[in-house]
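Colleague: Starting from the known structure of chain A, arrange chain B on it as the hints suggest.
Residue numbers (the numbering used here), protein chains in the order written: chain A, -1 to 225; chain B, -1 to 225.
Hint data in this document are derived by calculation from the structure and do not stem from the laboratory.
All values reported here derive from a predicted model rather than from experimental measurement.
No false leads were mixed into what you were given.
The list treats identical chains as interchangeable, and a pair is accepted whether it falls inside one copy or across any two copies.
With a Cα cut of at most 30 angstroms, we get these calculated DSS-like pairs of lysine-lysine: (1) K205 / K131; (2) K179 / K167; (3) K75 / K34; (4) K90 / K139; (5) K131 / K179.
Protein chains: 2
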Amino acid sequence: MNIKNIILKINNFVSPNCLITDIGSSKIESSKIIRKFLKKKISWVSSHPIAGSEVSGPEHGKINMFNDRWCILIKEKNTKKKHLNILNKFWKKIGSKTVLMSPEKHDKIFSMTSHLPHLVAYNLVKSAQEFEKKQNYNLIKYSAGGLRDFSRIAASNEIMWRDIFFDNKNNITKAINLFIKNLNAFKKDIYSKNNKSILKKLVQTKKVRSKIIKLKQDIDKPDFGRN
Amino acid sequence: MNIKNIILKINNFVSPNCLITDIGSSKIESSKIIRKFLKKKISWVSSHPIAGSEVSGPEHGKINMFNDRWCILIKEKNTKKKHLNILNKFWKKIGSKTVLMSPEKHDKIFSMTSHLPHLVAYNLVKSAQEFEKKQNYNLIKYSAGGLRDFSRIAASNEIMWRDIFFDNKNNITKAINLFIKNLNAFKKDIYSKNNKSILKKLVQTKKVRSKIIKLKQDIDKPDFGRN
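If we strip away everything but chain A, and leave its shape as in the complex, we get (with noise of 0.2 angstroms):
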């Protein structure tokens, strides 16, 4: 059921002294949605945390699955501050972290750090079907390489990526720009061995993963075989 449709149901259901929230993953288009159909007697206040894995429903559920995580409270012009500090108060009860955005800020910065980077994997979980099934070579059994990592997270619910990549096209069709721009600088820095152009970018990127394991979202443990 599209978002639409559930306030459609919900707009019958639910007093004005409820507080709503979502878990959406973007926020701009959710935002004219709400806007448009929610009754205006009712609150509605929408959050995304930046927590969870591959997999959807409530049986993959982790008792500390929000601790040390972003929880983002959407901020709009007409937001009460009444409503944000209920939000913000639940969030924190469950171990999370918050930080106010407004819908705006938030699609853009989404669009970068987790948009992307699904659309990518996708991408090169494609790719490499696709040579396969050209070459006729047997290799994804030798994806304990790298690819491995990215079939995790290729693995994702497609609904809900669907949804996530067409509402907030406008910002990922940016970062899909910028991202073929540089792989395209990569390639000729590779095709013309410019070991300096290369050696620079290398280290600089290496530098990121300090800076997560710095920020705790991500554990300094190397990831060998994971077993």
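Modeller: Just chain B now, with coordinates in the frame of chain A:
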């Protein structure tokens, strides 16, 4: 020290009774150098164990590192069966499964399952850095939604990866071209909201994940906060 200089040193010390192997990630170029500079009496058969992680050096060794991992043994025109048997025994003894490949087949397959994934990971992190700078957003801290996983791969040793990219540049260039072609098709699907085409792709790529788990190249436990 590059492989040519290593060979020139080895030439003076290794007896014809020894069998040498290496564990390099690309094989066509190194095979040429070995053929050109190694003393004719000395035997060298290349290996490529598909094991390891983003960290390098003996201090990151692990006792079960090669367990159930593939190790590619490189079979060339003049490779002696006797030498392949010795090498095969060695890798099996430390837990690996082995398979024979020509340098050409090896470099093609790994351009797709390992070299391109690493390049794409580096490129994604680089694009995120550029975006962060340009937008003046502090976005790395919100990396748990996907970017985080790429940053691990992009933290691999830069000298090693420069050499792999340069050595296997022809196959990698082809792999990049296929990847960009597919990414542009995804972009088109997203921009035109082509529901049928995008769902087909997302469902197809998901199947690779089950295949990888079935082939024991990864575990099926979902990856949450890694805590």
